[in-house]
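Student: Just so we're aligned, residue 129 is where the sequence shown starts under this note's numbering, counting upward by one.
Just so you know, these hints were derived from the structure itself, not from any lab. These numbers come from a predicted model, not from an experiment. Built from N, CA and C at the ideal position, the CB exists for glycine as well. Check the hints yourself; a few may be wrong.
[As the list claims (entries may be wrong)] What follows is a list of derived Cβ distance ranges for each label pair:
#1 Ala206 - Glu334: 44 to 52 Å
#2 Glu388 - Gly270: 19 to 27 Å
#3 Glu366 - Gly220: 43 to 51 Å
[As the list claims (entries may be wrong)] Distance condition first, Cα-Cα at most 27 Å in a straight line; then the derived BS3-like pairs of lysine-lysine:
#4 Lys449 - Lys471
#5 Lys443 - Lys404
#6 Lys397 - Lys298
#7 Lys138 - Lys362
#8 Lys542 - Lys404
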Amino acid sequence: MSHPMTITEKIFAAHCGKDYVKAGELISAKVDIALANDITGPIAIQEFRKIGVKNVFDKSRVVLVPDHFVPNKDIKSAQQAKIVRDFSREQGLTNYFEVGRMGIEHALLPDKGIVTAGDLVIGADSHTCTYGALGAFSTGVGSTDLGCTMASGETWFKVPQAIKVEFYGKLNEWVSAKDLILHLIGDIGVDGALYKTLEIGGETIENMPMDGRFTICNMAIEAGAKNGIIVPDKITKEFLKGRSLREPVFYNSDEGASYERILRYDVSKIEPTVAKPHLPENTCPVSKIGDIKIDQAVIGSCTNGRLSDLEVAAKILEGRKIHPDVRLIVFPGTQEIYLQALKKGYIEAIIEAGGAVSTPTCGPCLGGHCGILAKGERAISTTNRNFVGRMGHPESEVYLASPAVAAASAITGKISSPLELN
Numbered sequence: 129m130s131h132p133m134t135i136t137e138k139i140f141a142a143h144c145g146k147d148y149v150k151a152g153e154l155i156s157a158k159v160d161i162a163l164a165n166d167i168t169g170p171i172a173i174q175e176f177r178k179i180g181v182k183n184v185f186d187k188s189r190v191v192l193v194p195d196h197f198v199p200n201k202d203i204k205s206a207q208q209a210k211i212v213r214d215f216s217r218e219q220g221l222t223n224y225f226e227v228g229r230m231g232i233e234h235a236l237l238p239d240k241g242i243v244t245a246g247d248l249v250i251g252a253d254s255h256t257c258t259y260g261a262l263g264a265f266s267t268g269v270g271s272t273d274l275g276c277t278m279a280s281g282e283t284w285f286k287v288p289q290a291i292k293v294e295f296y297g298k299l300n301e302w303v304s305a306k307d308l309i310l311h312l313i314g315d316i317g318v319d320g321a322l323y324k325t326l327e328i329g330g331e332t333i334e335n336m337p338m339d340g341r342f343t344i345c346n347m348a349i350e351a352g353a354k355n356g357i358i359v360p361d362k363i364t365k366e367f368l369k370g371r372s373l374r375e376p377v378f379y380n381s382d383e384g385a386s387y388e389r390i391l392r393y394d395v396s397k398i399e400p401t402v403a404k405p406h407l408p409e410n411t412c413p414v415s416k417i418g419d420i421k422i423d424q425a426v427i428g429s430c431t432n433g434r435l436s437d438l439e440v441a442a443k444i445l446e447g448r449k450i451h452p453d454v455r456l457i458v459f460p461g462t463q464e465i466y467l468q469a470l471k472k473g474y475i476e477a478i479i480e481a482g483g484a485v486s487t488p489t490c491g492p493c494l495g496g497h498c499g500i501l502a503k504g505e506r507a508i509s510t511t512n513r514n515f516v517g518r519m520g521h522p523e524s525e526v527y528l529a530s531p532a533v534a535a536a537s538a539i540t541g542k543i544s545s546p547l548e549l550n
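Model the full structure from these sequences, guided by the hints.
Tutor: So, in structure tokens, the structure goes:
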């Protein structure tokens, strides 16, 4: 008797040695990649030491990327980074990425081919769900769980129930993947997919390049989801060709697989969207946002620091000047993206407009550094969270938007659609 499974259930079944798993089941599964950064890594390393094993389960599958407080902003962050660096050397890890060679982890791992289709990936960072864009199961875990996995190569899961999301129709001008995911979160809420799989598809997604797919899966966690995932197709395969370090495995969802519900969105009805403070679900079409002056615009992060994001920003900024009252800070996702943006003239356009460009780092997204907000300041940002105090002072405000809206707003000095530029 056949048991129809979703793509997520198939990946779990393959990694726990079973023919079939179903939602709600508790399983122990082998992990392809275990990831940590300079904030979560030191705690995971401490927990790993407590277990008493000498070596990590596989030195090519434990990945450490210092990207949150680097280049180090103070003595404490320097100590954190040193713990990660020393452990990587001691263990002979293949995938440790130093400043100047690293990038923001969730942009770096797909670009380097470290994660691939069919993988089961955990990371001590909630936005590990990004890699679902490749047709992998990936999710964030706590540092203790990660420390144990670094030793054993496996961890436990409860198989999540799935929600299917289908986007169809033609995108309006200046509407991007960021607007689709903000619209979805605005519709179902930050707990709308709590411990569920968000399986995202439909004709709009089938025609969407990888950069946009990464953006959508990156923010699955903002709807409370355990993972976001897109069934791999020819666009995925093209991206992985010559890049993937391991043989990808392409799963799909069976007909008759079980979904809690199916949500359908006509994208022709979606316009550029902004999430107002202090939750990603607090969304509003940019045309209805009103007169909201900004002090800072941030373009980049693991959500929107990819090449096409910088391209959109550069095209809007080219030949224009940033508003005198606004600071624009741009964070390319990786060194490679930075270099390509440099060669294509995007960085030049940003700097000539009056923007600052930083080395790849998480920077102000989590209130790290390179752009912290003071009391009463307001930012528009392409990052993924706008909780109270997320980017600095508890009385500052963060509005989430696409690179197009962030770039247009940097020029006008208030939250604006690119359609408002003459």
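Student: Are the hints correct? Go through all of them and say.
Tutor: Now for the hints, and whether the structure bears them out:
Under the hint 44 to 52 Å, the C-beta atoms of Ala206 and Glu334, about 46 Å apart, fit the expected range. Between Glu388 and Gly270 the beta carbons are some 25 Å apart, a value that agrees with the proposed interval 19 to 27 Å. For the pair Glu366 and Gly220, the beta carbons lie near 33 Å from each other, so the given range of 43 to 51 Å is not met. Between the alpha carbons of Lys449 and Lys471 the distance comes to roughly 21 Å, so the proposed pair stays at or under 27 Å and holds.
Among the hinted pairs, Lys443 with Lys404 is consistent with the structure: their alpha-carbon atoms are about 25 Å apart, no more than 27 Å. With a C-alpha separation of about 9 Å, the suggested pair Lys397 and Lys298 falls inside the 27 Å cut-off, and the hint holds. Between Lys138 and Lys362, the direct Cα distance comes to roughly 20 Å. Compliance with the 27 Å bound is thereby established for this hinted pair. Pair hint Lys542 plus Lys404 holds up; C-alpha atoms about 13 Å apart against a cutoff of 27 Å.
When each numbered hint is compared with the structure, a violation occurs for hint 3 only.
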